[in-house]
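Asks: Residue strings, one per chain:
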Amino acid sequence: MIEIEGVTKIFGVGAEAFTALDDVSVTIDANEFFTLLGPSGCGKTTLLRVIAGFIDPTRGRVTLDGNNLLNQPPYARPVNTVFQSYALFPHMTVAQNIAFGLEMLGKPGSEVTSTVDEMLALVRMTEMADRKTSQISGGQQQRVALARALAPRPKVLLLDEPLSALDFKLRKDMQLELKRLQSETGITFIFVTHDQDEALTMSNRIAVMNEGRIRQIGGPRDIYDHPAERFVADFIGDTNFLDVELLKVEGEQAHIRLPSGSEVVARAAQGGGRTGGEVTVAIRPEHARMDEAEGALFQGALSNVVYVGTDTHYHIDLDSGGQFIVRQQNQPDQRHERQVGERVGVNFGAGIGQILKD
Amino acid sequence: MSKGGFDVRRQTGFTTVAVFCFVVLYLPIILLVLYSFNAGESIAIWEGFSWRWYVSAWENERVQAATVRSVVVALSASLIATSSAVLAALATTRTRPWRGQTLAFALINQPLMVPEIVTAVALLIFFALVKVWTGYTGLAYLIIAHSAFCLPFAYMPIRARLQGMDLSLEQAGADLYGTPFKVFRRITLPQLWPGILAGAMLAFVISLDDVVITEFVKSAGQDTLPTYMLGQLRRVITPEINAISSALLAISVMLVIGFFFLSRTPK
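Protein chains in written order, with the UniProt record's numbering: chain E, 1 to 358; chain Z, 1 to 267.
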């Protein structure tokens, strides 16, 4: 278990000071696939480097199973990193790269050999053992980097955007591969990415970061279905934002009035929030339905129909102002096609809208 | 470059100036090498091809002694200069910026900036004092002096190589339980070798070539090859000087070619 408490990192001094991490606290369980998700410059890589020991935080505590990590140099921490650039040693073969950590730990030769063989098999690179790292492809380099970091059996594996250099297809394969490796080895993975798909696909829990702070922590479904604030809703997936009036809050249920005058039940903001007045509600495009204008929650005119293969996106100019997007899955026998300019209505069920904190 | 743009090759007289420069640079050297094969006693009148001056230089005991001394001094000096340069380069690239770093950089490169004759006179006076003190008159003075002025030449390629190296490799080494010393030995050093060899070669050539400081610092009977040649010029010049020069030139060119291949970043 990794406990991060109040970690702050300020680079530079005076007017040039830049707060990369602002009072970050999070507890990561053993055997967890934990993802730090956020745009570039949000501090996710800085946090990873603090855990690895390449950056000393300005303030805060980091402990691993109760032991303070911060007073140990990188080489004494039972934590290994998969670098974004892979950082494979160019003067060594694939097998020598994987053996490096074990040799540094002073493991006996027979154990080094057997572990290296095991790791090569785990990442399916046995045939490449004697190649130089410059003689293998990007995807293979990435698997070697992974095997090298896993070989010494660290308590925690840190992965710094390891898939960003791979092409789409390979990335999809590696996502499943990583998930498999994590469950097979039982090692805690802390994964840094700016790619929401990666985060949603692989993680047990996700911490969404922005401007040096953690904005929300939760499971992929929590984060996607129930974003706490506007940044999270906006950063992950597509979202419609509606300004509505909050009538009353009963536990998780929030009664709201839409600009069209219709009243509906939405989900109350995470951890409290306002109990009345103007609030913003977030609705995922695929969670809403497009219906006939008559009797719908609110109405508008269809301004654009975008066909994207699996889905069709309907852009609707609302009567109350602003735009709303509805996403509907395409069916093979779909005959009726909506025309631009047609009047349509939008409906969504009780508890679908999520009230945001801000 | 666009059609109307400035192109130095299209400027009037460019070819003339270029050809002139190359002639001035290389014609004397070509003539020097050519006359080293002269069969006659003159360095100006061609009397046919012969190896006699190479044989004569090879058999000349004073040339032999000076050559051995030159090589001993150059080898020792390049070894000392290169080892110091490695440490200096590590300290100026692999540490957090420290107070006085710029000063250290300037001090390392001092021999490139201070006029050589000044260094020579200073060393002459300083070593004279030390000689009186210790009574020692061996080669060490020359080796120390050469090590000092070879240092920046060894330092430059090593530092360039270190700066060009991916820092994340060393971080990966540390991440995989390598202590700083082990990371240096297993990760940094193997990749630094080309830079170190290049630096050592450059230092060797610079030392082999030196006249001014050697002339001032050497004790009696400590001629190196260049100072021996300088001494010979005061007497009758024979093509033997050409032969020695040509041999030196050949060695230097080979080392420079070696330097070129080693300092290329491997792809």
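There's no promise every hint is true.
Stated by the list, open to error - With a straight-line cut-off of 30 Å between C-alpha atoms, the simulated DSS-like cross-links for lysine-lysine are:
id	chain 1	residue 1	chain 2	residue 2
1	Z	K182	E	K132
2	E	K357	E	K248
3	E	K179	E	K248
4	E	K107	E	K132
5	Z	K131	E	K107
6	Z	K182	E	K155
7	E	K179	E	K169
8	E	K169	E	K132
9	E	K132	E	K155
Claimed, not checked - Sample of chain E residues facing chain Z (criterion: CB under 8 Å; computed from the structure):
id	residue
10	F18
11	A52
12	F54
13	L70
14	A87
15	H91
16	P108
17	S110
18	P152
Rather than coming from a laboratory, the hints here were simulated on the basis of the structure.
Built from N, CA and C at the ideal position, the CB exists for glycine as well.
Asks: Take the hints in turn and mark each one as holding or not.
Replies: Results of checking the hints against the structure:
1. A C-alpha spacing of about 21 Å is found between K182 of chain Z and K132 of chain E, which places the hinted pair at or below 30 Å, so the restraint holds.
2. Restraint check for K357 of chain E and K248 of chain E: satisfied, since their Cα atoms lie roughly 15 Å apart, inside the 30 Å limit.
3. Taken as a hint, the K179 of chain E and K248 of chain E pair is broken in the structure, with Cα atoms around 43 Å apart against an allowance of 30 Å.
4. Proximity of K107 of chain E to K132 of chain E is assessed by CA-CA distance (about 23 Å); at most 30 Å being required, the pair is judged to hold.
5. For the suggested pair K131 of chain Z and K107 of chain E, the alpha carbons sit about 55 Å apart, so the restraint of at most 30 Å is broken.
6. Note on K182 of chain Z and K155 of chain E: the hinted pairing holds, with a Cα-Cα distance of about 23 Å set against a maximum of 30 Å.
7. For the hint pairing K179 of chain E with K169 of chain E, the CA-to-CA distance comes to about 16 Å; that is within 30 Å, so the pair holds.
8. Pair hint K169 of chain E plus K132 of chain E holds up; C-alpha atoms about 25 Å apart against a cutoff of 30 Å.
9. Taking the CA atoms of K132 of chain E and K155 of chain E, the gap is about 28 Å. The hint holds against a cut of 30 Å.
10. Interface hint status for F18 of chain E: violated, as the beta-carbon distance to the closest one in chain Z is roughly 17 Å, over 8 Å.
11. Contact between A52 of chain E and chain Z, as hinted, is supported at the beta carbon level, the nearest pair being about 6 Å apart and thus within 8 Å.
12. Taking 8 Å as the C-beta cut-off, the interface hint given for F54 of chain E holds, the closest approach to chain Z being about 6 Å.
13. Because the smallest distance between the Cβ of L70 of chain E and any Cβ of chain Z comes to about 15 Å, over 8 Å, the interface hint for this residue is violated.
14. Using the Cβ-Cβ criterion of 8 Å, the hint placing A87 of chain E at the interface with chain Z is satisfied: the shortest such distance is roughly 4 Å.
15. Interface restraint check for H91 of chain E: the shortest CB-CB distance to chain Z comes to about 5 Å, inside 8 Å, so the restraint holds.
16. For P108 of chain E, the shortest C-beta to C-beta distance to chain Z is roughly 15 Å, which exceeds 8 Å, and the interface hint is violated.
17. With a least beta-carbon distance of about 19 Å to chain Z, the hint placing S110 of chain E at the interface is violated under the 8 Å criterion.
18. Satisfaction of the interface hint for P152 of chain E is found here, the shortest Cβ-Cβ separation to chain Z being roughly 7 Å, below the 8 Å cut-off.
Checked against the numbered hints above, the structure breaks hints 3, 5, 10, 13, 16 and 17 and satisfies the rest.
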